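Asks: Throw the hints in and build the complete structure from the sequences for me.
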Amino acid sequence: MLYILNFYIKKLIRLRSCCEANSGGRYILVWVVGKLNLKVLLKSPDEVYICLNLPITSMKKIILLLLSFYFISNGVAQNVVQPLVIQGKLSNSAEKTLKISFEDANGKFVIDTIRLNDAGEFYLKTYKIVRPQRTSIQQNNTQINRIYVAPGYNLLITGDAADYVRLSKTKKIGGIGGQVNQYRVKLDSILVARNDKTAWYDLKTDELIQFLKKSKTLEDSVLNVVFRKPAMEDKYSNTFKKMIDLDNQSLNFYMLLQHLDLVKYNTAEMRELVAKNTPPAFLNGVSHDEYLLSEDYKSWFLPLYYTYEQRLDLLRDSAAVKKPGYTLEKIKLLFTGKVRDFYLNRYVEKRIGGSNAIAQLIAGQKEMQTFINAIGNPVLKKNLANNFIEKKQQLMQVQIGKPAPTFTLPSDHGKVFSLSDFKGKVIYIDLWASWCGPCRQEMPAYKKLSDKFKTNQQVAFVSIAVHDGEKEWRNALKEEKPDWLQLYDNEGTVAQAYIANAIPKYILIDKEGKMLSFDAPGPGSVQAEQLINDAIAKP
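Going by the working numbering, 461 is the number at position 461 of the sequence shown; the sequence numbering is gapless.
Heads up, some of the hints might be wrong.
[To be verified] Distance condition first, Cα-Cα at most 20 Å in a straight line; then the derived EDC-like pairs of lysine to aspartate or glutamate:
#: 1; residue 1: Lys108; residue 2: Asp245
#: 2; residue 1: Lys454; residue 2: Glu491
#: 3; residue 1: Lys382; residue 2: Glu349
#: 4; residue 1: Lys448; residue 2: Glu470
#: 5; residue 1: Lys350; residue 2: Asp104
Derived by calculation from the structure, the hints in this document are not laboratory data.
All values derive from a computational prediction rather than experimental measurement.
Replies: Put into structure tokens, the structure is as follows:
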């Protein structure tokens, strides 16, 4: 007979039959001894099931075993990661779904979807957060950036999401973990109130240095207010304080290095400016493991620091930089330990993500193998192997001759169009966004090309706005006044299916709805017109 003992932590509830137990959870122990078959099912951090399959006569003998295991189960459950809960209400949001990304225990990014109801209310509970980290909630122009999350946090987020600025002014973050998040809330409110629109990349050197000093003074002031002791009651407070401080230092150094790249100083001048305006401890400890706490260190500082050192090499000996193997050897020279592993992993990830064809992916995989071999962490190596497989599967969906990924999207006039609506026509698709300068610069050429085929019923010109806010998209249409079909990728399905990592992007689909070109020539090229004519001519 199969029985289930149901434990809540520090409290034994009762003996239950198997049919009473709900499904779900994961087994953390399977033990078979003679006729005894024991399985331990972890339902949640607070609830454990012990499943027994034994003769009824053996029940007395097993009681001591169960009592012993009860204490073991307490320890197991208490070591399980606590869930992260994010809930709240965003009024006036044009979005019905938002995206939030986490870094899991293996350093791999995982994306979750937050769904808003008609009132703008949302609720997300996840066990994917295994350590304190920074994340963002985003979808087009509904964005709450730089949110600090950790296992056990239960955040309550509210705000008016009518537009980006309005949300920045009105957002509030409370609940468990809310105190840590006051740093960004307070800093954003000050920056919005100041309405400082300084374009740091246009500043002269002395002006930039003063700008960075003022920024650091403000950031340090807010940091000290929010994390003052003994007011902060959060076991992750020291971690987040260090993370925020590293973020600020990394961004400031990034802006300085970017400026040096734009101004084109010589070697001596660059080294002098960096030495004078960067904390020595930060620069000398560039490979400290703890720096990996900072997303800005990983995303902004590290790649530009490599570029800075590469530029110094170019000024000294440009031929050396062009030698085979330079990049890998330079990475090994600059970084050590976990930081080196991270940088190599991120470098290969970007190469995988940037592949637009299977041939390009395979060639890149062979080229990147030496970089992968230099990674010490076996988990990262396994992740990269999986990335190659996933990317290949994704690219297989958009290969020439394959059925084009389907879509159903609203137009600017409210009518819904699907890919099947264009069956029997060649489709020249333009993926663009209102904020994309190059996209909008191509619009006159796209109009000129579409006008050439205006009377031809065998071709359709379709522009699809991706990675864009609906309000901004409609405003751009009012300014540009395009006279061909305009669709809006409101759920991000087209951007994902057609791998719109960079825009503008042009796609050609044949009369049968099959891929002709995943990366078609732009509208201003002679090749685009020729490809369309060739596709029309085919029966």
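Asks: Would you mind marking each hint as holding or not holding in the structure?
Replies: To see whether the hints hold, each was checked on the structure:
Between Lys108 and Asp245, the direct Cα distance comes to roughly 24 Å. Violation of the 20 Å bound is thereby established for this hinted pair. The suggested pairing of Lys454 with Glu491 is violated, with an alpha-carbon distance near 30 Å, which exceeds 20 Å. At roughly 12 Å between alpha-carbon atoms, Lys382 and Glu349 fall within 20 Å of each other, so this suggested pair holds. For the proposed pair Lys448 and Glu470, the alpha carbon gap of about 26 Å is over 20 Å, so the pair is violated.
At most 20 Å may separate the alpha-carbon atoms for a hinted pair to count; Lys350 and Asp104 meet this at roughly 18 Å.
Checked against the numbered hints given earlier, this structure breaks hints 1, 2, 4; the rest are met.
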